[in-house]
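Q: Sequence order for the protein chains is A and B. Oh and the first sequence: position 63 is 63 in the numbering used here, straight run, nothing missing. Oh and the second sequence: position 312 is 312 in the numbering used here, straight run, nothing missing.
Honestly, the hints are just simulated from the structure, not real lab data. All values reported here derive from a predicted model rather than from experimental measurement. Quick reminder that beta carbons are idealized off the backbone N, C-alpha and C, glycines included. Be aware that a few hints might be false.
[To be verified] Stretches of chain A that chain B covers, calculated by requiring three or more beta carbons in the stretch to come under 8 Å of a beta carbon on chain B: (1) 10–18; (2) 22–33.
[Stated by the list, open to error] So these bits of chain B aren't anywhere near chain A, every CB distance computed over 10 Å: (3) 11; (4) 24; (5) 71; (6) 130; (7) 152.
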Amino acid sequence: MSVMALAKALGITLRHFFSRPVTVPYPDAPVAIKPRFHGRHVLTRHPDSGLEKCIGCSLCAAACPAYAIYVEPAENDPENPVSIGERYAKVYEINMLRCIFCGNCEEACPTGAIVLGNEFELADYRYADFVYTKEDLLLDAVGSRPQRREAARTGKPVKLGFEVPYVRPELEGVKYE
Amino acid sequence: MIWQLFLTAVKALVLILALLFAFAYITWIMRRGLARFQVRLGPNRVGPFGLLQPIADAVKAIFKEDITVERADRVLYWLAPLIAFTFALAAFAAIPVGPDGWVVANLDMGVLYVFAVSELAVYGIFLAGWASGSKYPLMGGLRSIAALVGYELALGMAILPVVLMTGSLNLQDIVAWQQKHGYLILWQFPAFLVYFVASLAEMSRTPFDFAEAEQELVAGFHTEYASMKFVSFYIAELLHWITGSALMATLFLGGWAAPFGLPEVPVLWLFLKWAIFIFLVLWIWASWFRTRYDQMIRFAWGVLLPAATVWFLITAYYVAKGGAL
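Based on the provided sequences and hints, a complete structural model is requested.
A: In structure tokens, the structure reads:
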């Protein structure tokens, strides 16, 4: 222990005292999120036709380590198809309380339909509200279920608490703003 | 006589309110300051810049459940926070904040009074450790007593050359002397260094805050205290910091006297000088490690005490040769 070392310690802390705090005042200012952040899932669509990519194969449910996904397939009506394949997902549910956001579903998906997005503000009041259905997951839905409920109540647009430098190509068609 | 008594009572009341207000905002300064040292923001949600945070804390503390530990010695367990709190509050009384009337008690033994009363607060800490009937508080209490044995001598020895030089124990006289001859930090720099280090131990601040050492002793002597009893200890602890800084400003930086021939404003100059020491202690707090208490005692007896003694002899020689101004 030398006096020089003690003085050096004081110098370091003083330099930090006059530097900018690294804290992000989160709800007031947006958090910067990395493009590959594992957030809430999105069910994507084909960009030109607008048809769903999901073909209801349930491989995501099989790959899920937390048994959070439930898929119920149905035959496509050839006249008016929902997805491009023979079948589509009639029911597609993810329990966000069970989900561990590992991304195995995204890796298992043969058509790139289920993709982990960047949203993370999922806090809600009731267990039942954490089971996200197709209407919550399809890319038209911006914001989590409580955020959209809040937006509907106040009449203001959904306010997301984060920003991403660019949305990765797997999330084609998703808009975060 | 009655008028004198009334005036002193009013002054004491004002001082107590001012000290409690200072305590409330020293918690804010401490948390914001430490946060800035650690590149954080600190509490900023309650009011502008988090300025209402102390009020929120106070409300929370009042509504906390007041726990008495089963193994506690009931009487001492209740008495300890009162002792710590009362003596911490009383110590400031002899420190002048302005010319003649601006002190609660203009004692001829002012320096001794401040020392005696702030050391009595250690009884509060020790009794808390003893009465809690639990091992961590006991260790914390014993450490603070052990530290007292260490730093107290150095503290006393460092103050002697100041007293020799000024020829008075009265804090007003010491300030008056400094007004005439320049600040004692210039005359007595070695004494100031020893005093400052010993004072860190007296205020139980880093690097000598081993009495509550949260990494080893949970919360040291006040582990078993909750609610307002805990707050009493907290107040006592921070008031030591406040009083100690004010005393250092008075002894070595000229107290309430204005520097550089600026106009005299009673409380302002002491406040600014006091703020220097508050910041210094906070800075050290954010920068340094914590010593073990045996290391601290070895340092106090082996380095601080001899250094203070040698400097005392030098000053005594100087004064004896007729150098006392």
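Q: Next, verify each hint and record whether it holds.
A: Do the hints match the structure? See the list:
1. 10–18: holds (count 6)
2. 22–33: holds (count 3)
3. 11: Residue 11 of chain B is indeed farther than 10 Å from all Cβ atoms of chain A, at 36 Å.
4. 24: Check passes; 23 Å lies beyond 10 Å.
5. 71: 39 Å, holds
6. 130: Holds, since 33 Å exceeds 10 Å.
7. 152: The claim stands: residue 152 of chain B keeps its Cβ more than 10 Å from every Cβ of chain A (closest is about 23 Å).
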